[in-house]
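> Each chain, written out:
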Amino acid sequence: MSRPAFSPEGVTLGVCLVALGVLWTLGNLGRIEILPVLRTWWPLSLALWGVLELVDLFIRRSSGRSLR
Amino acid sequence: MSARKIGLLILLLGFGAVVETAWHVRGDWRIGPEGCRVIGGRFYGPSYSFEQAAERALLPGEAPRLEVKNAFGGVSVTAGAPGMVKVKLRKVVFLPTEEKARAFADRVELRLSGNGAQVKVGTNRDEITRGEDVGLETHLEIETPPDTVVEVRNEHGRVDLSGTAGADVAASFDGVAIERIAGAVKVGARNGDVRVSGVGGGLELTARHGNVEVSEVRGAAKLDVEHGDLKARKTGALEVAIRFGGLEAEGVAGDLVVRGGHAELRATDVAGRAEAETSFAGIHLARVGGDVRASAKNGEVTAEDVAGGLFAETTHDGVSLDRVDGPVQAIADHGGVDARGLAKGAKIRTSGGDVSLDGFAGPVEVEAERGSARLAPRAALAAAVTASATHGEVHLDVPEGSRFDLDAESRRGDLRAEVPGLATSESGGEPGRAHRVVGKLGGGGAAVRLRADGDVTLEAKPVGPIADHPVARPSATAPPAEAQAPAAAPSVTASPKPRAVPAEAAPPPPAPPKAPAAPKEEEAPGAP
Numbered sequence: 001m002s003r004p005a006f007s008p009e010g011v012t013l014g015v016c017l018v019a020l021g022v023l024w025t026l027g028n029l030g031r032i033e034i035l036p037v038l039r040t041w042w043p044l045s046l047a048l049w050g051v052l053e054l055v056d057l058f059i060r061r062s063s064g065r066s067l068r
Numbered sequence: 001m002s003a004r005k006i007g008l009l010i011l012l013l014g015f016g017a018v019v020e021t022a023w024h025v026r027g028d029w030r031i032g033p034e035g036c037r038v039i040g041g042r043f044y045g046p047s048y049s050f051e052q053a054a055e056r057a058l059l060p061g062e063a064p065r066l067e068v069k070n071a072f073g074g075v076s077v078t079a080g081a082p083g084m085v086k087v088k089l090r091k092v093v094f095l096p097t098e099e100k101a102r103a104f105a106d107r108v109e110l111r112l113s114g115n116g117a118q119v120k121v122g123t124n125r126d127e128i129t130r131g132e133d134v135g136l137e138t139h140l141e142i143e144t145p146p147d148t149v150v151e152v153r154n155e156h157g158r159v160d161l162s163g164t165a166g167a168d169v170a171a172s173f174d175g176v177a178i179e180r181i182a183g184a185v186k187v188g189a190r191n192g193d194v195r196v197s198g199v200g201g202g203l204e205l206t207a208r209h210g211n212v213e214v215s216e217v218r219g220a221a222k223l224d225v226e227h228g229d230l231k232a233r234k235t236g237a238l239e240v241a242i243r244f245g246g247l248e249a250e251g252v253a254g255d256l257v258v259r260g261g262h263a264e265l266r267a268t269d270v271a272g273r274a275e276a277e278t279s280f281a282g283i284h285l286a287r288v289g290g291d292v293r294a295s296a297k298n299g300e301v302t303a304e305d306v307a308g309g310l311f312a313e314t315t316h317d318g319v320s321l322d323r324v325d326g327p328v329q330a331i332a333d334h335g336g337v338d339a340r341g342l343a344k345g346a347k348i349r350t351s352g353g354d355v356s357l358d359g360f361a362g363p364v365e366v367e368a369e370r371g372s373a374r375l376a377p378r379a380a381l382a383a384a385v386t387a388s389a390t391h392g393e394v395h396l397d398v399p400e401g402s403r404f405d406l407d408a409e410s411r412r413g414d415l416r417a418e419v420p421g422l423a424t425s426e427s428g429g430e431p432g433r434a435h436r437v438v439g440k441l442g443g444g445g446a447a448v449r450l451r452a453d454g455d456v457t458l459e460a461k462p463v464g465p466i467a468d469h470p471v472a473r474p475s476a477t478a479p480p481a482e483a484q485a486p487a488a489a490p491s492v493t494a495s496p497k498p499r500a501v502p503a504e505a506a507p508p509p510p511a512p513p514k515a516p517a518a519p520k521e522e523e524a525p526g527a528p
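Quick mapping for you: the protein sequence lines, in order, are chains A and B. Take the working numbering: the final residue in the first sequence is number 68, and no numbers are missing along the way. Take the working numbering: the final residue in the second sequence is number 528, and no numbers are missing along the way.
Honestly, the hints are just simulated from the structure, not real lab data. All C-beta atoms, glycine included, are put in the ideal place defined by N, C-alpha and C. Certain hints may be false.
Label-pair ranges, simulated between beta-carbon atoms [claimed, not checked]: (1) Phe-58(A) to Arg-26(B): 39 to 49 Å; (2) Asp-133(B) to Val-15(A): 24 to 34 Å; (3) Arg-61(A) to Gly-14(B): 27 to 37 Å; (4) Gly-14(B) to Val-55(A): 22 to 32 Å; (5) Thr-40(A) to Glu-127(B): 35 to 45 Å.
Modelling step: build the complete structure from the supplied sequences, incorporating the hints.
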């Protein structure tokens, strides 16, 4: 059994955590106001996850076709 | 869909919900009207003040009556010029900007109306604030003729009243101060302290959840206080109902009647009689000109310098008396009696406590259950003495010059009668340790009967005064003349330009509100 190329939810969670950590740090440094930024951009996490799921689906189908 | 995906979806949506909620409530944590916070019934936050004034002339010849209604603001009424009522309204609007505050304040009207000698003062704050979330304080400063009878109804605001002919005040959630009132005063207060001084007539006061101070009331005072302490000084006859607090009364020119519950009662210098009852606390009386009747459940009774008779009743505590000129009756259930200087005898019954009488004259009857009795009359015995003690002893001092017929019995103890001149005939028991002795002293006289389960002892003593000093009389109790309110009913005709007072149906124009003064930004205490 081959291991999947990547896990979309794992990548999404990882990216979101990285983004949240960076934004929070910038907020603590006074560079940005964290709440407006989060409020504006948080839905992107859903979009990112959706895109990754589509990519994952595409990769799976492509690899399945080539195996045949 | 895997559990991981479901978990991540919930996590992201939850995170989004938190962010959205935080965004919506950001900077908007208000509890109460816009731009302020209501804490303890008061407004806090940035505010602006605006003032408005009005006045109204009164027709001469009739004593004016002023009715004031307000909420969320203080009311101050003082004596002013005769024939004229002057009102100043200070509007404090709690809004973040001066423009908003001014626009709101312009809608708040001072209303001054009346009919004949009756004047009504109020605002339209009820109509303005109904359905609007804006903090508004309306403070009224009123000057009225000294012969005015004033009625004030206020909530969430302090009431100060002085120098008028009469007062009827109902207030809540803030203090009340009334002074120098020529006539009668009636006060109802909730959740605030009350201070009343210098009342020429009677006083009727009801207070809940606040301390009360009353002083220099010439007439009778009827006070009903719960959940607060009461201090009364220099009053006429005083009738008090008090629960869950304490009473300190000093200088009562008439009778004192107190009904207490869970309240410590202390009274000094009472010219008339004192009647007091309470529970779970004590009663302490000093210098009473008349009779005393005191009843304390689960509390002690102490009394000193009582010119009349005394009745005291306690449970689970004792009675302590010093210098009583009249006859005494004391009952202590699960307590003892300790008395000194009883001029006209005593009738005492105790259970679970001892009796000690040090200095007495007149007939004495003592019954001690599960306790002992020690009687030291100091003066020569000339009246009947009866003392019995179950599960206790009886000891009687016999002063020189006493004359009585003795009948003493000890059921299980020793009986000693070491009194020179006492002719006795013993019976029962061994010689020198009789159970019963009958005899005469000084040729006989009043009957002295002593009974005890334990020892009975008679001991010769020298004669002395029954008390260290005579009963002290109540000190001056009438309010001093300078504390009296100004004379009522000054001439209203003294008004320089009396103006007609139109009927209430047609409100008079003489009170055109002045243009709002320059606003003054205020920052209430505790404001951020």
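> Which hint numbers does the structure go against, in order from smallest to largest?
2
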